[in-house]
Amino acid sequence: MKRAWMLAAIAAFALTGAAEAKTLKWGAAREIASLDPYSYGDTFTLSVLNHVYEGLVRYTGDLKIEPALAESWETVSPTVWRFKLRQGVKFHNGNPFTADDVVASLERVTNDASPLKGNLPAYKSSKKIDDYTVEIEVNGPYPLLLNDLTNIFIFNKAWLVANNSLLPTDSGKGVKGYATDNANGTGPFIVESRRADAKTVYVKNPNWWDKPQHNIDTIEFLPIASASTRVAALLSGEIDFTNVAPLQDLPRLSASPEVKVLQTNELRTVIFALNLKDTLFESDVKDKNPLKDIRVREALYRAIDIDAVQKRAMRGLSRNTGALIAPAIPGYEPSQDVRLPFDLDGAKKLLAAAGYPNGFSFQMNCQSDGLVNEEEFCQAVASMWSRAGLRPNLSLGPRSQQTPKRVKGEFDVISFGWANEPMIDAYSILIQVMRSKSGSGGVFNWGNWGDPRIDALIDKAGVELDNSKRIPMMMEALKIAKTEHLFIPLHQQPMAWAMRNTVAATVQASDNKPRLWLTTMK
Amino acid sequence: MPAFLFKRLLNAAGVMLAVAFLAFLIFRFVGDPVELMLNEQASQAQRDELRIRLGLDKGFVLQFATFVGNALHGDFGISYRNQQEVFTLISERFPATFELVLVATFLSLAVGIPLGVYTAIKRDSLMAKFLQFVSVLGVSLPSFALGILFILLFSVTLQWLPAFGRGQVVQIGWWSTGFLTPSGRLALILPGITLSLFQITLVMRLVRAEMLETMRTDFIRFARARGLTLRAVHFRHALRNCLMPVITVTGLQIGNLIAFALVTETVFQWPGMGLLFVQAVTFVDIPVMAAYLIVVSFIFVSLNTLVDLLYAYVDPRLREDAISGAANAR
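Chains as they are written, first to last, in our numbering: chain A, 234 to 755; chain B, 1206 to 1535.
These aren't lab readings, by the way, just hints derived from the structure by calculation. If you're wondering where the values come from, they're calculated on a predicted model, not measured in any experiment. Warning: the hint list may mix true and false statements.
[Stated by the list, open to error] Pairs of lysine-lysine residues, derived as DSS-like cross-links and limited to a Cα-Cα distance of at most 30 Å, are as follows:
id, chain 1, residue 1, chain 2, residue 2
1, A, K670, B, K1263
2, A, K258, A, K493
3, A, K641, B, K1263
4, A, K297, A, K715
5, B, K1263, A, K638
Build the full structure now, drawing on both the sequences and the hints.
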């Protein structure tokens, strides 16, 4: 053991020696899919790569859109946007950033083979006006282009050409990607080395165009899948920061004098969505669907004791909600956040009035690895509904098993979480979840819960460029969904980060994305 | 012998094909990668497009035939998740798993054999009884619990050993090794012990049983009667006669260790094949899952076949029986 002590001493010495060059060791819950931001439509991968690559615009720490690689923009016509690009920006390999890079990147990301195509749904074409001006044309009037562009990162065209990567990686054609393992962005950090599943090292970009607010020289990105190992690594000082601190370990982490816990609520709102087709999927009521009766839906709502759910299942950390979107999302209205009170007798009366004095059975589909403590809150709610006289059959399984059933509509009630990311606008849940199934809308309308009045409002809001008119339309649509109890809201789920006292300050926004370029170390 | 060889290899190929089929059948019902690959904003058309691009719209038989055909060329397709060749992904992870298994095997022999000998010779001593008792614990304690316990003790409380990862590795060609750096060797200790504990008890109990058996034979009695030292009797004569089954079992267990490494790798974030598989499951990355199962089964089947062939070479009776079909009857 002498040897181990010596090594520990050497390591400690190395750490103090490295105090001038500040290294932040980031223990994440999982590895990112690749270094190519267009290879996988995953918010977490994009948020990590945002340290390397940047978009034309970006979100501030409080989720407002601000200029990044574009300095300013205007709409030339309802369908054409003109962007003035920032001058003097250099890619990590030294190449200057120009309009060609923007056009090539937009073409790459919207290529048919690109998994990220859906992140820029309105894109039609783009063209270079001069070296620092680009025009983007959209399919029709589209108010959310800037929101979408926050997640479209800009590549260097010359670098893509030199490495035969102008097109996205494509498994079908066997196109392997240079960009999968190599990176060249404009962002605050440069990829120095990468070993997937083990360690990726990012070093500070000394030539970053923006004034750095961080003092980090090196980031070591260390994926640690097992929650208890991650907690142990944080307690033992092997990592400085984790963006996924397990809820059950928070008291233990807070108790350690060297660790600080940052806890808040996510953008993701958790609701129960209902099967509103003509018949139930699995029930003793065969000929009709009781859930189509608003009294039954209200009874389900009133039978949930949300405070008990919060206390028992969510360890007191969730934020109870009556609204279908989180406060930070444009379209939120505080008056919609008021819940129906918990009222068990009222629920029983409503059920009796609807013709089900003895309740009915139905299937409840929940995931064991989806939302935060999903198993726990589903079990809690199922028992509450049983108390109201209903007979829920809880089907629990991993996400990969439950998802196909959900997509096919084989459920009566599902737990469902929607964060409105990467758009950060209520239009996301409206068009994708609430809209009746049509060409582009209602992809997640799995239970046939569409309403013509809501559809009309969504379609109008989708082409309205003026936010002062657009947002009230969305609020109106959400209000109809609320008064009809089309969904039963539960809470915004909790999120927790934890850091050692080596980290002085960071910005934690409710989109759950670490922004280490806004993080300082001691 | 050639007939036997042919028959045995045909057997192995049949098993492999069955494994491939089962693997594929299971994954067919695991889930839908499309839903997990696209994000909230993707439209239905994009979903359908991706399904076609991944070949998921084709019939099951066609998908399976393509899969087997490609696998024979060592081509397991491209990972749905990170668009890299699955074979490259697995071969990159193989060294990590192999080194871990190597350490575990070494530990199981280095610790298991002496303990087995000890508990056999001093079978009535308190210490031997205690060891027997502890070995039951070792078998019944799940390795993830043990791993977490080790981490709590040696990483969090004592801060002697790293809780996760492989430390610094050195790249030699396509092989990455942790043996050559101090941090790499330190990182091997906890997962190595965790993985080997079951193995240690297995070897210990096997050696003990074989030793007890051998000690009762006439040949040992004669050795004693000849006045040889106890040491010589135990180690030169008795132990030597026990080693053959130990080596066989150890060889066969390598396959098991590779498979069991999955749990240990998850606990210690050991970047090996097991971890790759666990992540593939989370993302329904069917090509990676299928390839992993096939690679691991291939190792199993090869080891078994090799042992069978060696045994047949040593003992001619076996191959006669195998050809006449009586092997199963014994």
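Mind listing which of the numbered hints don't hold for this structure, in increasing order? Violated hints: none at all, because every hint is consistent with the structure.
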